[in-house]
Amino acid sequence: MVRPNQGWHQAVSQFLPSDYFSIQHYVALLRQILTDPRLTRKRITREHLIATYSANHAEIQVLEAGYLLERIEHDYGIDGLIWTFDKNGGVENGEVKLQLKATDHLKMDRSQAHVLFDVSIRDVAYWRMEPMPVLLLVYDAKQRIAYWVHIQAYWEEFGRNTLLTQQSWRVKIPKSNIFNPEVVEYFRKEKNSVLNRFWTAHG
Numbered sequence: 768m769v770r771p772n773q774g775w776h777q778a779v780s781q782f783l784p785s786d787y788f789s790i791q792h793y794v795a796l797l798r799q800i801l802t803d804p805r806l807t808r809k810r811i812t813r814e815h816l817i818a819t820y821s822a823n824h825a826e827i828q829v830l831e832a833g834y835l836l837e838r839i840e841h842d843y844g845i846d847g848l849i850w851t852f853d854k855n856g857g858v859e860n861g862e863v864k865l866q867l868k869a870t871d872h873l874k875m876d877r878s879q880a881h882v883l884f885d886v887s888i889r890d891v892a893y894w895r896m897e898p899m900p901v902l903l904l905v906y907d908a909k910q911r912i913a914y915w916v917h918i919q920a921y922w923e924e925f926g927r928n929t930l931l932t933q934q935s936w937r938v939k940i941p942k943s944n945i946f947n948p949e950v951v952e953y954f955r956k957e958k959n960s961v962l963n964r965f966w967t968a969h970g
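Counting in the working numbering, the sequence shown runs from 768 upward without gaps.
Just so you know, these hints were derived from the structure itself, not from any lab. Hints may contain errors.
[As the list claims (entries may be wrong)] Quick list of the computed label-pair ranges, beta carbon to beta carbon:
#  : residue 1 : residue 2 : range
1  : 875       : 804       : 16 to 22 Å
2  : 830       : 810       : 28 to 34 Å
3  : 804       : 925       : 42 to 48 Å
4  : 878       : 928       : 41 to 47 Å
5  : 963       : 810       : 45 to 51 Å
6  : 831       : 810       : 29 to 35 Å
7  : 941       : 962       : 26 to 32 Å
8  : 810       : 879       : 55 to 61 Å
9  : 966       : 928       : 20 to 26 Å
10 : 880       : 814       : 16 to 22 Å
11 : 797       : 870       : 36 to 42 Å
12 : 941       : 797       : 51 to 57 Å
13 : 815       : 966       : 31 to 37 Å
[What the hints assert, rightly or not] With a cut-off of at most 30 Å between alpha-carbon atoms, the simulated DSBU-like pairs for lysine-lysine come out as follows:
#  : residue 1 : residue 2
14 : 868       : 809
15 : 909       : 809
16 : 939       : 956
17 : 809       : 854
18 : 942       : 956
19 : 874       : 909
20 : 868       : 942
21 : 956       : 868
22 : 942       : 909
23 : 939       : 854
Keep in mind the model is a prediction, meaning the values are calculated, not measured. Built from N, CA and C at the ideal position, the CB exists for glycine as well.
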């Protein structure tokens, strides 16, 4: 019998029996691990990588605006919440909601002036009923730029004739809509305006 623990620290190896493994057993087990599809290790994919890139990119813009992005682990149509603070550092009511999409192959319209992205109509139905601002961010993984659209406002302007029975809805985002700290600050004010209107109506 050959012990695979030769060279191990004495404090560990002393607890292993002398027949812990035969070399044949060890090789057979290793071969099974390498060839059995049931034992294949999980692998990171490009899709996973660019999704993480998009979240990191959004978080940096939010942090540079002086606020915090809370990532949501379970995706039910919202991937993150932007928490804002007043000039004294006090947390403000409400939040700006983000849905993040990432791609290596950005679609453009013929004029090259708009980013095209198809979203689930189920998500749209949910977003448009949200009182707080919902931003869809489309992250171009090659250029490392995120483009934004305010879903509720976009729906009011372009979506009223969209049938909610269809599977998806195509959004056209101006290429000038680049997500940055100034955009974060703008939607902080929009969020606060929503709350002020609510308090005025129900105060």
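* Asked: Are residue 874 and residue 909 close enough, with their CA atoms no more than 30 Å apart?
  -> 13 Å, holds
* To do: Can you let me know if the beta-carbon spacing of residue 941 and residue 962 is within 26 to 32 Å?
  => At 27 Å between Cβs, range holds.
* Within a Cα-Cα threshold of 30 Å, do residue 909 and residue 809 meet the stated pairing? -> 25 Å, holds
* Could you grab the alpha-carbon distance between residue 956 and residue 868 and see if it respects the 30 Å cut-off? => With a Cα-Cα distance of about 24 Å, the restraint between residue 956 and residue 868 holds, given a limit of 30 Å.
* For the pair supplied as a hint, residue 868 and residue 942, confirm whether the alpha-carbon distance does not exceed 30 Å. => 16 Å, holds
* Asked: Is residue 942 close enough to residue 956, meaning Cα to Cα at most 30 Å?
  -> 23 Å, holds
* **Distance restraint hint 55 to 61 Å, applied to the beta-carbon atoms of residue 810 and residue 879** => Once the Cβ atoms are compared, 35 Å apart, the range 55 to 61 Å for residue 879 and residue 810 is violated.
* Regarding the pair residue 809 and residue 854, is the alpha-carbon distance no greater than 30 Å? -> 45 Å, violated
* To do: Take a quick look at whether residue 939 and residue 956 sit within 30 Å of each other, Cα to Cα.
  => Distance of about 24 Å is within 30 Å: holds.
* Asked: Range hint 29 to 35 Å: satisfied by the CB atoms of residue 831 and residue 810?
  -> Taking Cβ atoms as reference, residue 831 and residue 810 lie about 33 Å apart, which means the hint holds.
* Range hint 42 to 48 Å: satisfied by the CB atoms of residue 804 and residue 925? -> This hint holds: roughly 47 Å between Cβ atoms.
* Asked: Are the Cα positions of residue 939 and residue 854 separated by 30 Å at most?
  -> Not OK: residue 939 and residue 854 at ~35 Å, beyond 30 Å, violated.
In this structure, the hints that do not hold are numbers 1, 4, 8, 9, 10, 13, 17, 23, in rising order.
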